[in-house]
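Can you build the whole structure from these sequences, using the hints too?
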Amino acid sequence: MTTTDTQRITVGELAVRFLELHGTRAAFGVISIHNMPILDAFHKRQKIRFVSARGEAGACNMADAYARVSGTLGVCVTSTGTGAGNAAGALVEAITAGTPMLHLTGQIESDYVDRDLGFIHEAPAQLAMLQAVGKAAFRIRDAATALATLREAVRIARTPPCGPVSIEIPIDVQASMLDLPADMAATDVAPLQATAAQLDALADRLSRAKRPMLWLGGGARGAADAVARMVKLGFGIVTSVQGRGIVAEDDPVTLGSFNLQKPVEDFYQTCDAMLVVGSRLRSNETLRYKLQLPKPLFRIDANALAHNRAYPSDYFVQGDAALTLHALADRLEGRMQVDAGFIPDLQRARAKAGDQVDSALGPYLPLKNTLGQLVDKRCWWVRDITLSNSMWGNRSPVLDNPRGGVHALGGGIGQG
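The working numbering numbers the first residue of the sequence shown as 1 and each following residue consecutively.
Keep in mind that a hint or two might mislead.
Unchecked claim - Mimicking DSSO-like on lysine-lysine, the simulated pairs with C-alpha atoms at most 27 Å apart in a straight line are: (1) K368 <-> K262; (2) K295 <-> K232; (3) K262 <-> K295; (4) K352 <-> K290; (5) K368 <-> K352; (6) K210 <-> K295; (7) K232 <-> K368; (8) K262 <-> K352; (9) K295 <-> K352; (10) K210 <-> K232; (11) K352 <-> K232; (12) K262 <-> K210; (13) K290 <-> K262; (14) K210 <-> K352; (15) K377 <-> K295; (16) K352 <-> K377.
For the record, the hints were derived by calculation from the structure and aren't laboratory data.
Below, the structure written as structure tokens:
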């Protein structure tokens, strides 16, 4: 293409084209005069479905849920000022859940930003607010830096531990023109690989276990195949609520998310190793960190800061869950000698834990049981924070899809 043939596009269209390259098929938001250049590009190109919501909080929650069930980048578009503020609670939920999400929001004209002029639709310290409720936040100040900012935002959002990243774009910048960049390549995030020495050391420790457990959190949702290899080696499974379905919950090797009931805690004391993968061992799933877990306790996490958080780690490996578990399975092949009574004991502990939960449900027990009979285990099980969910919805019905469960991880009531 010659210089005279160079295609000119708006910054709003640049953002949309960039999202297309990342496989985005749906975006959620509220239509506003301060985001029209972006919405116009959705309409013009017809490659991303824009779902209009009644409010920004709901739109952000939709983008969050869409990202969780699809395993892709969530996208939300809001207006500036109060509109951006309305999304704050949903952004907190997204970062709590570790959801990769891009939040595009408007801003008033560049000439008036941060001058405290009382400009209509302006929010004081909007960028600081967005930084506080997400993983990061940026402002695109001109067309020349738009693509670089988009790339960095998506890289941060998709780098474990994932989270929502906001970009505010002043309306005049959204509408400004630039040449269509020749290089619009998608942002690649390489998975983190542990060192061979670390993997050897962890494998040596695990090889001594006769009753080994894997605790799987949301960070292991992309590691189902690697987890299956560990199961074949003899590992028992327990999950956080966010890790449900990585192993089918009707598989006899798993406790499911019955992770803190007294029969399960007693069973833990008969285990001689636990490997925690991609889980923060959160307060509500560990009796405020008083749950007695098996020892030694090993951890795999993409976040280096997870080491010794909540529980001390006897050995810690920073790395991608799938890559690390596959590497461990390679090293443990033919080395595990698991106690023959281990899985039967696990099954008894799960049955007792289930009975304990059921005994507290009273007249709601038939509802839970009937729902379990009617719902396909590959359903999308989406819940709000309710007493029923806290008592049984976080453990039933049976799920066998690691993307199948969606709930308000941060405990917010009425999310969206």
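Verification of the supplied hints:
| no. | hint | verdict |
| --- | --- | --- |
| 1 | K368 <-> K262 | holds, 21 Å |
| 2 | K295 <-> K232 | holds, 22 Å |
| 3 | K262 <-> K295 | holds, 17 Å |
| 4 | K352 <-> K290 | holds, 21 Å |
| 5 | K368 <-> K352 | holds, 17 Å |
| 6 | K210 <-> K295 | holds, 12 Å |
| 7 | K232 <-> K368 | violated, 31 Å |
| 8 | K262 <-> K352 | holds, 9 Å |
| 9 | K295 <-> K352 | holds, 22 Å |
| 10 | K210 <-> K232 | holds, 14 Å |
| 11 | K352 <-> K232 | holds, 25 Å |
| 12 | K262 <-> K210 | holds, 22 Å |
| 13 | K290 <-> K262 | holds, 12 Å |
| 14 | K210 <-> K352 | holds, 23 Å |
| 15 | K377 <-> K295 | violated, 33 Å |
| 16 | K352 <-> K377 | holds, 22 Å |
In this structure, the earlier hints numbered 7, 15 are contradicted, and the remaining ones agree with it.
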